[in-house]
Amino acid sequence: MRRILTALLAGLVLYATVALAVDPTQMPTPALQERYLGLTHELRCMQCQNEAIADSPVDLAADLRRQVRDMLLAGKSDDDIRNYMVARYGEFILFRPRASWKNAWLWAAPGVLILVGALVAVRIIQQRSALVPQDNEPLEEDIRS
Amino acid sequence: MNRFAIPLGVFALLVVVLAIGIAHSPDKGTIISPLLGKPAPEFALPNLLDASQVVKSSDLKGRWYVFNVWGTWCYECRAEHNTLLEVRQQNVVPIIGMDWKDPQADALGYLKQLGNPYEAIAVDRDGREAIDWGVYGAPETFLVNDKGIVVYKHVGALTPEVWEKQFLSRLPPRQDPAKS
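Residue numbers (our numbering), protein chains in the order written: chain V, 1 to 145; chain S, 1 to 180.
Just to be clear, a hint being listed does not mean it is correct.
What the hints assert, rightly or not - Reference excerpt, derived from the structure (chain V facing chain S, CB under 7 angstroms, subset only):
(1) Q47
(2) D63
(3) Q67
(4) Y89
(5) G90
(6) F92
Said to hold, decoys possible - Okay, derived cross-link-like pairs now, DSS-like style, lysine-lysine, Cα gap no bigger than 25 angstroms in a straight line:
(7) K38(S) with K102(V)
(8) K76(V) with K38(S)
(9) K61(S) with K38(S)
(10) K56(S) with K101(S)
(11) K147(S) with K56(S)
(12) K61(S) with K147(S)
Unchecked claim - Label pairs and their computed distance ranges (CB to CB):
(13) E161(S) with L106(V): 33 to 41 angstroms
(14) L106(V) with L168(S): 36 to 44 angstroms
(15) A108(V) with A12(S): 14 to 22 angstroms
Since the hints were made in silico from the structure, they are not lab data. Bear in mind that the values here come from a model prediction, so they are computed numbers and not experimental data. Glycine included, each C-beta is placed from N, C-alpha and C at the ideal position.
So here's chain V without its partners, still in its complex pose (with noise of 0.2 angstroms):
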């Protein structure tokens, strides 16, 4: 049992350790490791397009890296580095679209259900409760079921 459990634990490291591997970037400060963190995680690796280039192992993903890094200690600001990446790349490296004119439609349509839902259920309220004081029969619904 003992055994079985060193093992496990031995794989973890050895997993933990990889994972790290694939970006060992240190920063002079936290404050600018933590940007530089941050950055990595919400570009998209545009070769192999589901994962950061944070914890992308190709070749692309490691000069996409340095270029941030190399951005962040010349005192650029994050969207300074995201407008560079989708000055070159387009929108779609970013995994978190910005909003703009082109998505607007995107950005206010659960707005516009919303609202569209409301309308609906307050006409069907009103409607009902204006049935109750003059109608005494029972809803066609209710009849049917």
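Chain V is fixed; fit chain S onto it per the hints.
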């Protein structure tokens, strides 16, 4: 009738929205370059065949050119090499190559073995220039016009069909009357 009007309307709207979405959804494999219609990146890179020379975008001003990103490690590049050689034979537009993340000896051997379709070959050993072009996999081929604007980008191996349909058709008609 009335009680079905709203659900039916919503359904019809959904059908329209989804149909538009499907019709407009791009091929997931290729990503549309934001460079299209924009100026090509400026570059000044060492020349693969002569390290003392520099391949510069400023030297290409006023000319149409094809910018082809390749590497010896790239399988599809081998597949398109014959097409590139044919394009060179046609002599309608110069091909500027960019050797991407490649040891020089490999690149030279590759060209010696397969032939050199390029007017000049820039070297991007560390991959910084490729990022400027938004390259995410070789081969990628750009068409740049005489005003330095990127007018087309092809991802993947160039075939004679793609060359004719997407590149030749965009090039201005030949000036040389002797050939036509």
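How the hints compare with the structure:
1. Q47: With a minimum Cβ separation of about 6 angstroms from chain S (threshold 7 angstroms), the hint on Q47(V) holds.
2. D63: holds (4 angstroms)
3. Q67: holds (6 angstroms)
4. Y89: holds (5 angstroms)
5. G90: holds (4 angstroms)
6. F92: holds (5 angstroms)
7. K38(S) with K102(V): Answer holds: K38(S) to K102(V) is near 19 angstroms, not above 25 angstroms.
8. K76(V) with K38(S): holds (23 angstroms)
9. K61(S) with K38(S): Answer holds: K61(S) to K38(S) is near 15 angstroms, not above 25 angstroms.
10. K56(S) with K101(S): holds (18 angstroms)
11. K147(S) with K56(S): holds (15 angstroms)
12. K61(S) with K147(S): With Cα atoms ~7 angstroms apart, K61(S) and K147(S) stay inside 25 angstroms; holds.
13. E161(S) with L106(V): 33 to 41 angstroms: holds (36 angstroms)
14. L106(V) with L168(S): 36 to 44 angstroms: Since L106(V) and L168(S) have Cβ atoms about 38 angstroms apart, the given range 36 to 44 angstroms holds.
15. A108(V) with A12(S): 14 to 22 angstroms: Once the Cβ atoms are compared, 20 angstroms apart, the range 14 to 22 angstroms for A12(S) and A108(V) holds.
The structure fails none of the hints (numbered hints given earlier).
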